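These protein sequence lines map, in sequence, to chains A and B. When we follow the working numbering, the leftmost residue of the first sequence carries the number 1, and every step to the right adds one. When we follow the working numbering, the leftmost residue of the second sequence carries the number 1001, and every step to the right adds one.
FYI, nobody ran anything at the bench for these hints, they're computed from the structure. This structure is a prediction, so every number in the text was calculated from the model and none was measured. Think of the CB as a built atom: it goes at the ideal place given N, C-alpha and C, for glycine as much as any other residue. One or more of the hints may lead you astray.
In silico DSSO-like cross-links for lysine-lysine, where the CA-CA straight-line distance does not exceed 30 Å [unchecked claim]:
(1) A/Lys156 with A/Lys138
(2) B/Lys1075 with A/Lys2
(3) A/Lys2 with A/Lys156
(4) B/Lys1034 with B/Lys1075
(5) B/Lys1075 with A/Lys113
Cβ pair distances, simulated, as ranges [said to hold, decoys possible]:
(6) B/Pro1018 with A/Ala135: 28 to 34 Å
(7) B/Pro1080 with A/Ala20: 22 to 28 Å
(8) A/Arg69 with B/Thr1083: 20 to 26 Å
(9) A/Ala24 with B/Ser1015: 44 to 50 Å
(10) A/Thr59 with B/Gly1043: 40 to 46 Å
(11) B/Pro1064 with A/Pro162: 35 to 41 Å
(12) B/Glu1063 with A/Ala149: 16 to 22 Å
(13) B/Asp1061 with A/Lys49: 35 to 41 Å
(14) A/Lys113 with B/Arg1085: 15 to 21 Å
(15) B/Gly1053 with A/Glu117: 52 to 58 Å
(16) A/Arg143 with B/Lys1034: 32 to 38 Å
(17) A/Gly13 with B/Ser1015: 25 to 31 Å
(18) A/Pro122 with B/Gly1053: 31 to 37 Å
(19) B/Gly1043 with A/Asn84: 34 to 40 Å
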Amino acid sequence: MKIGVNLLNWGPGVSPDALARTTALIEALGYHLVMISDHVAPTPDVAAKYPTPLYDPFTTLGWLAGATRSIELGTTVIILPYRNPILTARMAATVDRLSAGRFIFGVGVGWAKQEFEALGVPFARRGAISNDYLAAIKTLWTRDVASHAGPFVSFKDVHTAPRPARSPHPPIWIGGSTDAALRRAVRYGDSWHPNRVRMNCCGTPGCRSSRPSPRPRASPCPRSAHASDSS
Amino acid sequence: MPALCPRIRLELTDSPRPDAERLIGQGTLDQMRKDLEALESLGAAYVLLDSAGDDPQATRDQEPLWRMLATLAEKVLDLPHQTLR
């Protein structure tokens, strides 16, 4: 089991020096992974939890790729539906190249309705948008010239190079603790990335003594407290 | 099937916290060890430790995080072998 650290790329104490020093310490201690968060337009609902300054994750990870040697670098999580998927695919592939295949693509559907409104993205469709964007991004990562026709994004004959360093693509972690997130993880992801887990959340008194299993079951985590994502 | 890679709290305390009132990763070093053992037994491929608490101002001082990470690496985690001590 590998252990990673959520590196805080937001808040009043964050600076390039703090990011670099903390990452260097985490790598020196032998941790396997550093991940950072994403918000594009911190509206009041976001800023209350993630106060600025808030450093962009792709740019920051590209910079950290050059400052580290072996630690994996990822996102926890990119808010997928409010970023253009063609641009997202290119930025993620570039970080994977710059880090020699150390990038992990953690994604979520988002929770901040005001932020979606600021960006002109329909909050209620964020799950369906995310599914379409994931399919598009996987196509972009695995074809030299990619085309996609979906309900929310369509393109034809887009030249994609550089492809990601990892083949077929960087690991995709699906964030969220809803049933929809788990379905999305099974369909599009390599990993399920729930947050703020309670060990007894499945309601089974013997949860802690569950038999060892090589794969997660559907019920170790609670339903999300955030707005519904039913897609 | 996807691998399990949860993000859990990293909040070490001197006194135990009641299991019913805490998230995974909140509590003493011994509680953290048991939480990680349980996740390992469930087959977790990665665990991401999250020090972000309810007070954003805490980001001004990184040293408590550094101390917790060093303590975990020394007393609980066997990072080179990707398991627990």
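We went through each hint and held it up to the structure:
no., hint, in the structure
1, A/Lys156 with A/Lys138, "holds (15 Å)"
2, B/Lys1075 with A/Lys2, "holds (16 Å)"
3, A/Lys2 with A/Lys156, "violated (39 Å)"
4, B/Lys1034 with B/Lys1075, "holds (13 Å)"
5, B/Lys1075 with A/Lys113, "violated (42 Å)"
6, B/Pro1018 with A/Ala135: 28 to 34 Å, "violated (44 Å)"
7, B/Pro1080 with A/Ala20: 22 to 28 Å, "holds (24 Å)"
8, A/Arg69 with B/Thr1083: 20 to 26 Å, "holds (22 Å)"
9, A/Ala24 with B/Ser1015: 44 to 50 Å, "violated (32 Å)"
10, A/Thr59 with B/Gly1043: 40 to 46 Å, "violated (34 Å)"
11, B/Pro1064 with A/Pro162: 35 to 41 Å, "holds (40 Å)"
12, B/Glu1063 with A/Ala149: 16 to 22 Å, "violated (52 Å)"
13, B/Asp1061 with A/Lys49: 35 to 41 Å, "violated (19 Å)"
14, A/Lys113 with B/Arg1085: 15 to 21 Å, "violated (44 Å)"
15, B/Gly1053 with A/Glu117: 52 to 58 Å, "violated (28 Å)"
16, A/Arg143 with B/Lys1034: 32 to 38 Å, "violated (46 Å)"
17, A/Gly13 with B/Ser1015: 25 to 31 Å, "holds (27 Å)"
18, A/Pro122 with B/Gly1053: 31 to 37 Å, "holds (32 Å)"
19, B/Gly1043 with A/Asn84: 34 to 40 Å, "holds (35 Å)"
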